[in-house]
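Chemist: Please build the complex by placing chain B on the supplied structure of chain A, with the hints as guidance.
Below are the chains, spelled out letter by letter.
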Amino acid sequence: DTEVTQTPKHLVMGMTNKKSLKCEQHMGHRAMYWYKQKAKKPPELMFVYSYEKLSINESVPSRFSPECPNSSLLNLHLHALQPEDSALYLCASSQDPSGSNEQFFGPGTRLTVL
Amino acid sequence: GDSVTQMEGPVTLSEEAFLTINCTYTATGYPSLFWYVQYPGEGLQLLLKATKADDKGSNKGFEATYRKETTSFHLEKGSVQVSDSAVYFCALSDLGGTALIFGKGTTLSVSS
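Which chain is which? The protein sequence lines are A and B, in order.
Per my numbering, the first sequence starts with residue 1, numbered consecutively.
Per my numbering, the second sequence starts with residue 1, numbered consecutively.
In isolation and in its complexed conformation, chain A is listed as follows (with noise of 0.2 Å):
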């Protein structure tokens, strides 16, 4: 299994609600990320998860909450958004956190916060 997978594949919320975007792989890959892709930009790293620990936070806002509840699964808590955050999401995964190692991509979930 070479594959990264995401659901929801598209997410439509308000500035008051709670949802939550799910990554899994099962590559047995150590390490997982969280990007932000804007329409015709490329992706922006937010959060590296290294062997189930947090590991980068690229100083994202509190609204964004990430999770690695084990191995395989990786989770982003999504409150109190704002409509510019509406964007792709796309989660990652590579075997380690070492730079040589290709990061596997989800097809993403594609959010609108109204």
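It is possible that part of the hints are untrue.
Claimed, not checked - Straight-line C-alpha distance at most 30 Å; calculated DSS-like pairs for lysine-lysine:
{"no.": "1", "chain 1": "A", "residue 1": "Lys22", "chain 2": "A", "residue 2": "Lys41"}
{"no.": "2", "chain 1": "B", "residue 1": "Lys56", "chain 2": "B", "residue 2": "Lys77"}
{"no.": "3", "chain 1": "B", "residue 1": "Lys104", "chain 2": "A", "residue 2": "Lys38"}
{"no.": "4", "chain 1": "A", "residue 1": "Lys41", "chain 2": "B", "residue 2": "Lys60"}
{"no.": "5", "chain 1": "B", "residue 1": "Lys52", "chain 2": "B", "residue 2": "Lys68"}
{"no.": "6", "chain 1": "B", "residue 1": "Lys104", "chain 2": "A", "residue 2": "Lys41"}
{"no.": "7", "chain 1": "A", "residue 1": "Lys22", "chain 2": "A", "residue 2": "Lys53"}
{"no.": "8", "chain 1": "B", "residue 1": "Lys77", "chain 2": "A", "residue 2": "Lys38"}
{"no.": "9", "chain 1": "B", "residue 1": "Lys68", "chain 2": "A", "residue 2": "Lys19"}
{"no.": "10", "chain 1": "A", "residue 1": "Lys41", "chain 2": "A", "residue 2": "Lys53"}
{"no.": "11", "chain 1": "A", "residue 1": "Lys38", "chain 2": "B", "residue 2": "Lys60"}
{"no.": "12", "chain 1": "A", "residue 1": "Lys9", "chain 2": "B", "residue 2": "Lys60"}
{"no.": "13", "chain 1": "B", "residue 1": "Lys77", "chain 2": "A", "residue 2": "Lys22"}
{"no.": "14", "chain 1": "A", "residue 1": "Lys41", "chain 2": "A", "residue 2": "Lys9"}
{"no.": "15", "chain 1": "A", "residue 1": "Lys40", "chain 2": "B", "residue 2": "Lys68"}
{"no.": "16", "chain 1": "B", "residue 1": "Lys56", "chain 2": "A", "residue 2": "Lys40"}
{"no.": "17", "chain 1": "A", "residue 1": "Lys18", "chain 2": "A", "residue 2": "Lys36"}
Since the hints were made in silico from the structure, they are not lab data.
Modeler: Quick look at chain B alone, frame taken from chain A:
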């Protein structure tokens, strides 16, 4: 800091034309280099990679060679197809780094 510069396009070609997308990088160490492709409405797919100087990555008719002397990793394909229409991202990752550094992306549009 480390950075990647790639031609932004859009690049518009006819089917069976030759493709080159230029990518140069700046890095203090010896990075690994990647090309990712993003089809409309999808996530990123790894197209090819190279981890050391003079390595050639290849996949699906695409090739790129890691040129340390010119700090480049240009993407080439001899004969493009309509199905190659997508956004192509050049990226690097330092050995000690945990994140990819992307170029701005190049949109390729191939017409029949």
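Chemist: Each hint should be assessed against the structure and marked as holding or not.
Modeler: Each hint, compared with the structure:
Distance check on the hinted pair: Lys22 of chain A and Lys41 of chain A sit about 23 Å apart at the alpha-carbon level, within 30 Å; holds. With a CA separation close to 13 Å, the supplied pair Lys56 of chain B and Lys77 of chain B stays within the 30 Å bound. Of the pairs offered as hints, the one joining Lys104 of chain B and Lys38 of chain A holds, with about 12 Å between alpha carbons and a cut-off of 30 Å not exceeded. Straight-line distance between C-alpha atoms of Lys41 of chain A and Lys60 of chain B comes to about 25 Å, which keeps the hinted pair within the 30 Å bound.
Taking the CA atoms of Lys52 of chain B and Lys68 of chain B, the gap is near 8 Å; set against the 30 Å cutoff, the hint holds. Of the supplied pair hints, the one linking Lys104 of chain B and Lys41 of chain A holds, its CA atoms being roughly 6 Å apart against a limit of 30 Å. The straight-line distance between the Cα atoms of Lys22 of chain A and Lys53 of chain A is roughly 17 Å, inside the 30 Å bound, and the hint therefore holds. For a cut-off of 30 Å, the pair hint linking Lys77 of chain B to Lys38 of chain A stands: about 28 Å separates their Cα positions.
A hinted pair counts as satisfied when its Cα atoms are at most 30 Å apart, and Lys68 of chain B with Lys19 of chain A does not qualify at roughly 46 Å. Between Lys41 of chain A and Lys53 of chain A the alpha-carbon distance is near 28 Å, which keeps this suggested pair within the 30 Å criterion. For the given pair, Lys38 of chain A sits about 27 Å from Lys60 of chain B by alpha-carbon distance, which is consistent with the 30 Å threshold. At roughly 27 Å between alpha-carbon atoms, Lys9 of chain A and Lys60 of chain B fall within 30 Å of each other, so this suggested pair holds.
At roughly 36 Å between alpha-carbon atoms, Lys77 of chain B and Lys22 of chain A are farther apart than 30 Å, so this suggested pair is violated. At most 30 Å may separate the alpha-carbon atoms for a hinted pair to count; Lys41 of chain A and Lys9 of chain A meet this at roughly 19 Å. Between the alpha carbons of Lys40 of chain A and Lys68 of chain B the distance comes to roughly 29 Å, so the proposed pair stays at or under 30 Å and holds. Simply put, Lys56 of chain B and Lys40 of chain A have alpha-carbon atoms about 28 Å apart, close enough for the 30 Å limit, and the pair holds.
In summary, the hint linking Lys18 of chain A to Lys36 of chain A is supported, as the alpha carbons are separated by about 18 Å, within the 30 Å threshold.
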